[in-house]
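Here the protein sequences line up with chains A and B, keeping their order. If you're matching positions, the first sequence starts at 1 in this note's numbering and goes up one per residue. If you're matching positions, the second sequence starts at 1 in this note's numbering and goes up one per residue.
I should point out that these hints are in silico values taken from the structure, not numbers from a laboratory. Glycine included, each C-beta is placed from N, C-alpha and C at the ideal position. Any given hint might turn out to be false.
As the list claims (entries may be wrong) - Here are the simulated lysine-lysine pairs, BS3-like style, with alpha carbons at most 25 Å apart: (1) A/K93 x B/K108; (2) B/K138 x A/K93; (3) B/K209 x B/K17; (4) A/K93 x A/K204; (5) B/K94 x B/K108; (6) B/K138 x B/K209; (7) B/K209 x A/K16; (8) B/K125 x B/K94; (9) B/K125 x B/K91; (10) B/K209 x B/K197; (11) B/K125 x A/K16; (12) B/K138 x B/K125; (13) B/K138 x A/K16; (14) B/K94 x A/K93; (15) B/K279 x B/K209; (16) B/K197 x A/K93; (17) A/K16 x B/K94; (18) B/K17 x A/K93; (19) B/K91 x B/K138.
Said to hold, decoys possible - The following residues of chain B were derived to be distant from chain A, with all beta-carbon distances above 10 Å: (20) G10; (21) T14; (22) L65; (23) E78; (24) S104; (25) N114; (26) R126; (27) E173; (28) T228; (29) A241; (30) D254; (31) E277; (32) T300; (33) I304.
Residue strings, one per chain:
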Amino acid sequence: MLSLRGLPELTWLEIKIFLREPMGALGTIFIPVLTFLILGRMGVGRIANASQSVGALFGAGGVPVLVSLLIANSAVLSLVTIISIYREGGILKRLRATPLRPQTILSAHVIVKLLLTAVTMTLMVLAGKRYYTAGPEVPLFSFAIALLIATWSILSIGFIVASIVPTARFAQPVGALVLYPMIGLSGLFVPLTSFPPGMRAVAKVLPMTYAVSLLQGIWRGEGWMAHGGDVLGLFVAFLVCTSISARVFRWE
Amino acid sequence: MTVPVIQVSGIRKTYGKLVAVDDVSLDVHDGEIFGLIGPNGAGKTTTMECVEGIRRPDHGTIRVLGLDPVRDVYQLQERIGVQLQQAQLQKRIKVWEAVHLWASLYRKKPAVGNQLLEQLGLIEKRNAWFMTLSGGQKQRLFIALALINDPEVVFLDELTTGLDPQARRAIWELVRGIRARGKTVFLTTHLMEEAEKLCDRVAIIEYGKIIDIDRPERLVVRHCPERTVLLATTDENAREAFARIPNLVSVTSDDERITLAGSGDAFITDVIQCLSENKIHVTEFRTVLPTLEDVFLRLTGHSIRD
Numbered sequence: 001m002l003s004l005r006g007l008p009e010l011t012w013l014e015i016k017i018f019l020r021e022p023m024g025a026l027g028t029i030f031i032p033v034l035t036f037l038i039l040g041r042m043g044v045g046r047i048a049n050a051s052q053s054v055g056a057l058f059g060a061g062g063v064p065v066l067v068s069l070l071i072a073n074s075a076v077l078s079l080v081t082i083i084s085i086y087r088e089g090g091i092l093k094r095l096r097a098t099p100l101r102p103q104t105i106l107s108a109h110v111i112v113k114l115l116l117t118a119v120t121m122t123l124m125v126l127a128g129k130r131y132y133t134a135g136p137e138v139p140l141f142s143f144a145i146a147l148l149i150a151t152w153s154i155l156s157i158g159f160i161v162a163s164i165v166p167t168a169r170f171a172q173p174v175g176a177l178v179l180y181p182m183i184g185l186s187g188l189f190v191p192l193t194s195f196p197p198g199m200r201a202v203a204k205v206l207p208m209t210y211a212v213s214l215l216q217g218i219w220r221g222e223g224w225m226a227h228g229g230d231v232l233g234l235f236v237a238f239l240v241c242t243s244i245s246a247r248v249f250r251w252e
Numbered sequence: 001m002t003v004p005v006i007q008v009s010g011i012r013k014t015y016g017k018l019v020a021v022d023d024v025s026l027d028v029h030d031g032e033i034f035g036l037i038g039p040n041g042a043g044k045t046t047t048m049e050c051v052e053g054i055r056r057p058d059h060g061t062i063r064v065l066g067l068d069p070v071r072d073v074y075q076l077q078e079r080i081g082v083q084l085q086q087a088q089l090q091k092r093i094k095v096w097e098a099v100h101l102w103a104s105l106y107r108k109k110p111a112v113g114n115q116l117l118e119q120l121g122l123i124e125k126r127n128a129w130f131m132t133l134s135g136g137q138k139q140r141l142f143i144a145l146a147l148i149n150d151p152e153v154v155f156l157d158e159l160t161t162g163l164d165p166q167a168r169r170a171i172w173e174l175v176r177g178i179r180a181r182g183k184t185v186f187l188t189t190h191l192m193e194e195a196e197k198l199c200d201r202v203a204i205i206e207y208g209k210i211i212d213i214d215r216p217e218r219l220v221v222r223h224c225p226e227r228t229v230l231l232a233t234t235d236e237n238a239r240e241a242f243a244r245i246p247n248l249v250s251v252t253s254d255d256e257r258i259t260l261a262g263s264g265d266a267f268i269t270d271v272i273q274c275l276s277e278n279k280i281h282v283t284e285f286r287t288v289l290p291t292l293e294d295v296f297l298r299l300t301g302h303s304i305r306d
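Starting from the given sequences, assemble the full structure and let the hints guide the process.
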């Protein structure tokens, strides 16, 4: 029976606890925003949005997409770290000895991380208005939805990392080692077509690739229908990763 | 005789090559405080976690309130309260928030949170972060969480480890209070004094095997029949009179202080009778009885602290 009893209470509690940890909140929300602003001041925004030079260096909406992915990654890393700290401290085990179901605990953390991503995203849009002259053709709302879908899918990779890292100390580095190379392979910097066939095959099974394709497309103002395949890819990645982590997850 | 609240028969649990629990069987009855005692690593926690449904035994069967802890774990969790060894909560969770969260998890209308905090002496700490609580306060909070669903059976694993004697006594009082409310308590401890003062019945476990189960005082009678009387007298005929006490094993003296060692439950009465019949005037009289600690030593050949 799929019961999510206690989900609202746990989610609300985890949000409050997150905000009480000054370093965590600062690191995950303000540092990406700050990076974004500094990049903007340096004039990267103008280069990235000047449509002619974009293709060569970054792809459409390069900087916004890259920064969005960094936000997603930092949310995922934060999930991985929290889960492993909870495991190491016996918090997961204590929660497990109640009628609270595993899926409820994970769902609460996913909701918190998605909210976090949305908040960071909003702050960035507000802060970046000055430097990143997103034209009226950029559908910010759709872009935010696309980012949440991408984050949700990448979080499922986070589940696997969280399931297998032995201690909290390894969580952050192992997570980073898995996540950041995926951005390199995603086609954001170099178009997929210029990869050797082997690397292209790897890129094809990584959700980050679909995330980039989706985010770039939406940023360019393309419709959701044109990117149904990306959404499907992200959804399949979520299902596969979640079912793997359900098998290998350890509570203590 | 009613059906036991907890029935464990022949469970075995191995971790790789290590046999943690080997053919353990025990019954826990309604309304009693039952203690599983033994040194660290004896298999206490593993046994308890199998009963709670957190671990699955390799062999054997367990019934708790008529339920199978593996198959019916969610049903069981509604009706039991659990305190785990070395458990932690989120560092920055407030006391009242933990109580509120726990209360939201159970189907049954739970015990009133504030009332529980009051009873456990935590009401002034209700806005404190978990990380700022002392060891004793954390344990009391865990007891509160274990009681939040008004459970029929309460599991307490090494409840007072690491607490100072005063906090320990306060916790014992709380556990007696749980029993007074008609609940069954299943606890583990490696403190013999705790088992002796708190438990109605104990099971001694070592190397994953149960060595004996009974009321603490009966275990003492069964395994350690020695009785010792220490007294002081200046009566010169005393030694001669003492020699006639049945079951006397030895008499040693240091000036007027005399130590009488004997065996059996009747020994102390026999000594008193001897003193009164012979009108021996004593200025000091003290009995030394064996404790569970001695029983453990007798049964295992080593002290529980080794």
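Verification of the supplied hints:
Our distance criterion of 25 Å between C-alpha atoms is met by A/K93 and B/K108, whose separation comes to about 22 Å. Taken as a hint, the B/K138 and A/K93 pair is honoured in the structure, with Cα atoms around 16 Å apart against an allowance of 25 Å. For the hint linking B/K209 to B/K17, the alpha-carbon distance of about 16 Å falls within 25 Å, and the restraint holds. Between the alpha carbons of A/K93 and A/K204 the distance comes to roughly 37 Å, so the proposed pair goes past 25 Å and is violated.
Distance restraint check for B/K94 and B/K108: the Cα-Cα separation of roughly 23 Å lies within the 25 Å cut-off, and the hinted pair is therefore satisfied. Taking the CA atoms of B/K138 and B/K209, the gap is about 31 Å. The hint is violated against a cut of 25 Å. Taken as a hint, the B/K209 and A/K16 pair is broken in the structure, with Cα atoms around 46 Å apart against an allowance of 25 Å. Pair hint B/K125 plus B/K94 holds up; C-alpha atoms about 9 Å apart against a cutoff of 25 Å.
Proposed proximity of B/K125 and B/K91 is supported: the alpha carbons are some 15 Å apart, at most 25 Å. Of the supplied pair hints, the one linking B/K209 and B/K197 holds, its CA atoms being roughly 23 Å apart against a limit of 25 Å. Between B/K125 and A/K16, the direct Cα distance comes to roughly 18 Å. Compliance with the 25 Å bound is thereby established for this hinted pair. For the hint linking B/K138 to B/K125, the alpha-carbon distance of about 11 Å falls within 25 Å, and the restraint holds.
Proximity of B/K138 to A/K16 is assessed by CA-CA distance (about 20 Å); at most 25 Å being required, the pair is judged to hold. Of the pairs offered as hints, the one joining B/K94 and A/K93 holds, with about 19 Å between alpha carbons and a cut-off of 25 Å not exceeded. Proximity of B/K279 to B/K209 is assessed by CA-CA distance (about 51 Å); at most 25 Å being required, the pair is judged violated. Taking the CA atoms of B/K197 and A/K93, the gap is near 30 Å; set against the 25 Å cutoff, the hint is violated.
A hinted pair counts as satisfied when its Cα atoms are at most 25 Å apart, and A/K16 with B/K94 qualifies at roughly 10 Å. As the CA atoms of B/K17 and A/K93 are separated by approximately 24 Å, the hinted pair is consistent with the 25 Å bound. At most 25 Å may separate the alpha-carbon atoms for a hinted pair to count; B/K91 and B/K138 meet this at roughly 11 Å. Once the 10 Å rule is applied to beta carbons, B/G10 is consistent with being away from chain A; the minimum gap is 24 Å.
Remark: the non-interface label on B/T14 is consistent with the geometry, its nearest Cβ contact in chain A lying 17 Å away (cut-off 10 Å). Once the 10 Å rule is applied to beta carbons, B/L65 is consistent with being away from chain A; the minimum gap is 15 Å. A cut-off of 10 Å between C-beta atoms contradicts the statement that B/E78 is not in contact with chain A; the least separation is 6 Å. The beta carbon of B/S104 sits about 4 Å from the closest Cβ of chain A, which is not more than 10 Å, so the claim that it is off the interface is violated.
Every CB of chain A is more than 10 Å from the CB of B/N114 (nearest about 17 Å), matching its label as outside the interface. In this structure B/R126 is separated from chain A by more than 10 Å, as the shortest Cβ-Cβ distance comes to about 15 Å. No Cβ of chain A approaches the Cβ of B/E173 within 10 Å, the least distance being about 24 Å, so the stated non-interface status holds. With 10 Å as the threshold on Cβ separation, the claim that B/T228 sits away from chain A holds: the shortest Cβ distance comes to roughly 44 Å.
With a least CB separation of 62 Å from chain A, B/A241 remains clear of the 10 Å interface cut-off, as annotated. With a minimum CB-CB distance of about 53 Å to chain A, B/D254 clears the 10 Å threshold, and the non-interface call stands. Remark: the non-interface label on B/E277 is consistent with the geometry, its nearest Cβ contact in chain A lying 61 Å away (cut-off 10 Å). Listed as outside the interface, B/T300 is consistent with that label: its C-beta sits roughly 29 Å from the nearest C-beta of chain A, beyond the 10 Å cut-off.
For B/I304, the condition that its CB be more than 10 Å from all CB atoms of chain A holds, with the nearest at approximately 25 Å.
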